[in-house]
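> Single-letter residue listing:
There are 2 protein chains.
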Amino acid sequence: MNIIVQKFGGSSVANTERVRNVAGRIIDAYQEGKSVVVVVSAQGDTTDDLLEKAAEINPSPSKREMDVLLSTGEQISMALLAMAIEQRGCPVVSLTGWQVGMNTDSKYGSARIKQIDTERIKRELDAKRIVIVAGFQGINQYDDITTLGRGGSDTTAVALAAALHAQVCEIYTDVDGVYTADPRIVKNAKKLDDISYDEMLELASLGANVLHNRSVELALKYGVNLEVKSSFEKIRGTIVKEVGSVEKMLVRGVTRDNNVARISVVNIENTPGKAFKLFSLLAKKNINVDVILQSIGRGDTKDITFTVDEGNLDAAIAVIDENLGYLGATSVNYTKDVSKVSVVGAGMTSNPGVAALMFEALYDANINIHMISTSEIKISVLIDRQDAENAVRSIHDKFNLA
Amino acid sequence: MNIIVQKFGGSSVANTERVRNVAGRIIDAYQEGKSVVVVVSAQGDTTDDLLEKAAEINPSPSKREMDVLLSTGEQISMALLAMAIEQRGCPVVSLTGWQVGMNTDSKYGSARIKQIDTERIKRELDAKRIVIVAGFQGINQYDDITTLGRGGSDTTAVALAAALHAQVCEIYTDVDGVYTADPRIVKNAKKLDDISYDEMLELASLGANVLHNRSVELALKYGVNLEVKSSFEKIRGTIVKEVGSVEKMLVRGVTRDNNVARISVVNIENTPGKAFKLFSLLAKKNINVDVILQSIGRGDTKDITFTVDEGNLDAAIAVIDENLGYLGATSVNYTKDVSKVSVVGAGMTSNPGVAALMFEALYDANINIHMISTSEIKISVLIDRQDAENAVRSIHDKFNLA
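Chains A and B supply the protein sequences, listed in that same order. For the first sequence, the working numbering assigns the number 137 to the initial residue and increments by one for each residue that follows. For the second sequence, the working numbering assigns the number 137 to the initial residue and increments by one for each residue that follows.
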């Protein structure tokens, strides 16, 4: 069977006109003789509305009940999309997470997919129906509803494409592909025709809001061909795949991430095991740490500075405050007024000029660097948030990405 | 186990304040040591909003997809109610139709409950949790979502009470019990302390919007004790049960039903089998017929007049129009401008004075009667809609129900 998976995000189905438009895109593929499986997110603001309703009633509800609530958003949009397809006379069926056997673990709010029973979907495809699946949701071993957390619908789509051995997984979004930088910041940013999984992974995790990194990881693991496309215009998007030769162009893109906060634990005792204690405290609270910088010890004490997602800042500060004595530290301070700006491209570490060129671009723009972090295929700097857009433009120019 | 089932309708959970209030009622019962199972409807206008969204996209969607859409309303309200209970520190779990094993047939939009797997609910009750169940919804043999149609949440509640052998099924609503007439029409209408199943059944089917007759039928069949109570005030409601002696008060209440349309098929051939043909055509389209009147034949022809729910009028006219030749009739006409007004009370037929008193009340008020229908425990008349409220008041006075 010639199966394709198409994923449409919340803005692509935000109102009746857009739902109709999406129905048209789906029917086009169906009429080309493909077996079409569609993953759909909640409409536009639905999830925010539901969160607001919940917050009014209980500021800290259980994650289980939150998942029961939030999963209705995708169920609504999948039914409406199915109705729009019925209206055009095509056979269609919508299925929730539990109906497609999207089995996950029990981590409510950020569940991981364990296994998909594709039997129901295959039966519907055999009957020549278009299958609409609710993104973002699954079911755990207790028959309870789970949600997959940030970027969940992308993950649903890629996981289905892998399980169904789909030809391609098309991610429809409100941009028409992956760019060398955010086109809203850099006017002459260029769309990439293709990009490797690794590069996409770095771009995704560094604030390019096109694809969530979990879905790219999954695509890489199972060799799923991804294409990021516009849901509004019928033009070629960006294909994510194993790219053979990526040496022609070293740096593929520049990204900015504002979802970051910097925390400094000051005057920690300069004895072994302190960093271990600090980061295992945070890990126990499920707080991911990104860039870490440890000062060179000043005799008896040292400082440890690191970044976390903004949403985890309060929890991180709370746990550190409680444990200052245990850590042998005097105080903790923090700021949200920072951004992480990164350049991404395969083979970067083997080319030492890249870091220098990036730092030169920041120097040209008179921007101070707080922290630096590097990996195989990216270099990130932490700078003041007010400088971030300027930094992206300056770096984009310096690397001639336009 | 001392199980009670409480059902809260859409207006009882329409906003945050009311959800909190309902949570309080539930917790009261829980703290008295009861095992509490709660059935909840969709909040206030949710269902109408969903219907509107659907209508914008497709004026005649499949009933399957409509059920997928509508069932989200109850899922939202059950999660919010559970969150309100969590906020008060009580253990609670919310469960959808498929999670409680509410197995139905496959008649989307008006499914019938076939069987309930109470295993999950019992396990949650054993763990001392309050169980919130989504009303109105079930699951069919194909693992597809169904809804139960009008009065569905009442039916869910009574079916659960029967399956769990609950002590009582409390139906919380925005009125505080069953009245001798609609208090909005008759100022001095009186609340009944108790009423028999049969009487409740007639009242329910005759337009008293307190309980749906399907749920009363089910309660009668399984001997479930029902109590209709106010969700706002803590006062005694009306208990529906097998009443031993009901002879003291013959007529229990007066009702008005505006959800009715009158259809006349004119000049039908006066030969056997015509009524059969007409009503089997309607039955095939799932149209219920209520009051039927056949004129005495005028030689070759006769007329058949009957009433249907307003919502079925268009479909009924369409099928009759198509089959005028087959029925040997010349034409069909109809009006929505009628109401059915009824008096209900056990033992009525054995007391011929009741009908006469009712007709006298209508005569006093100068109201013309189009059709009359009687049963063991009710007398109904079809009159012009503009006369209906006046008729209810006049009859209520005549029988001294205040």
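It is worth saying that the hints were derived from the structure and are not from the lab. Check each hint, because a few of them may be wrong.
Since copy identity is lost for identical chains, a pair holds within one copy or between any two.
Here are the simulated DSBU-like cross-link-like pairs (lysine-lysine), alpha carbons at most 35 angstroms apart as the crow flies [said to hold, decoys possible]:
no., residue 1, residue 2
1, K250, K264
2, K370, K410
3, K199, K323
4, K323, K264
5, K413, K243
6, K323, K258
7, K258, K199
8, K243, K189
9, K410, K534
10, K199, K370
11, K258, K421
12, K170, K189
13, K357, K438
14, K170, K472
15, K189, K199
16, K323, K170
17, K420, K327
18, K250, K199
19, K323, K243
20, K438, K410
21, K243, K199
22, K258, K243
23, K377, K170
24, K264, K420
25, K264, K189
Predicted model only: the values in this text are computed from it and were never measured.
> From the Cα coordinates, with 35 angstroms as the cut-off, is the pair K410 and K534 best called within, between, both, or neither?
neither (40 angstroms within a copy, 89 angstroms between copies)
> Could you figure out if K250 and K199 sit no more than 35 angstroms apart (CA to CA) within one copy, between two copies, both or neither?
both (19 angstroms within a copy, 32 angstroms between copies)
> At most 35 angstroms between CA atoms: does that hold for K250 and K264 within a copy, between copies, both, or neither?
The answer is both: 28 angstroms in one copy and 30 angstroms across copies each meet 35 angstroms.
> Treating 35 angstroms as the Cα threshold, decide for K323 and K258: within, between, both or neither.
So K323 and K258 fail the 35 angstroms test inside a copy (45 angstroms) and across (62 angstroms) alike.
> Could you place K199 and K370 in one of the four classes (within, between, both, neither) given a Cα distance threshold of 35 angstroms?
Close across copies (32 angstroms), not inside one copy (39 angstroms); limit 35 angstroms.
> Between copies, within a copy, both or neither: which fits K264 and K189 at Cα up to 35 angstroms?
between (39 angstroms within a copy, 27 angstroms between copies)
> Can you give me the call for K377 and K170, within, between, both or neither, at a CA distance of at most 35 angstroms?
Within. Shortest intra-copy distance 21 angstroms satisfies the 35 angstroms Cα cut-off; inter-copy 59 angstroms does not.
> Taking 35 angstroms as the upper bound on the Cα-Cα distance, should K170 and K189 be classified as within, between, both, or neither?
Only across copies: K170 and K189 sit 29 angstroms apart there, 40 angstroms inside one copy, limit 35 angstroms.
> Please work out whether the CA atoms of K323 and K264 approach to 35 angstroms or closer within one copy, between two copies, in both situations, or in neither?
neither (44 angstroms within a copy, 60 angstroms between copies)
> Are the CA atoms of K370 and K410 at most 35 angstroms apart within a copy, between copies, both, or neither?
Neither way: K370 and K410 sit 55 angstroms apart in one copy and 59 angstroms across, limit 35 angstroms.
> If the cutoff is 35 angstroms on CA atoms, where do K438 and K410 land: within, between, both or neither? Let me know, please.
Within one copy only: 10 angstroms inside, 99 angstroms across.
> From the Cα coordinates, with 35 angstroms as the cut-off, is the pair K413 and K243 best called within, between, both, or neither?
Within. Shortest intra-copy distance 24 angstroms satisfies the 35 angstroms Cα cut-off; inter-copy 60 angstroms does not.
Violated hints, in rising order: 2, 3, 4, 6, 9, 13, 14, 16, 17 and 19; the structure is consistent with all others.
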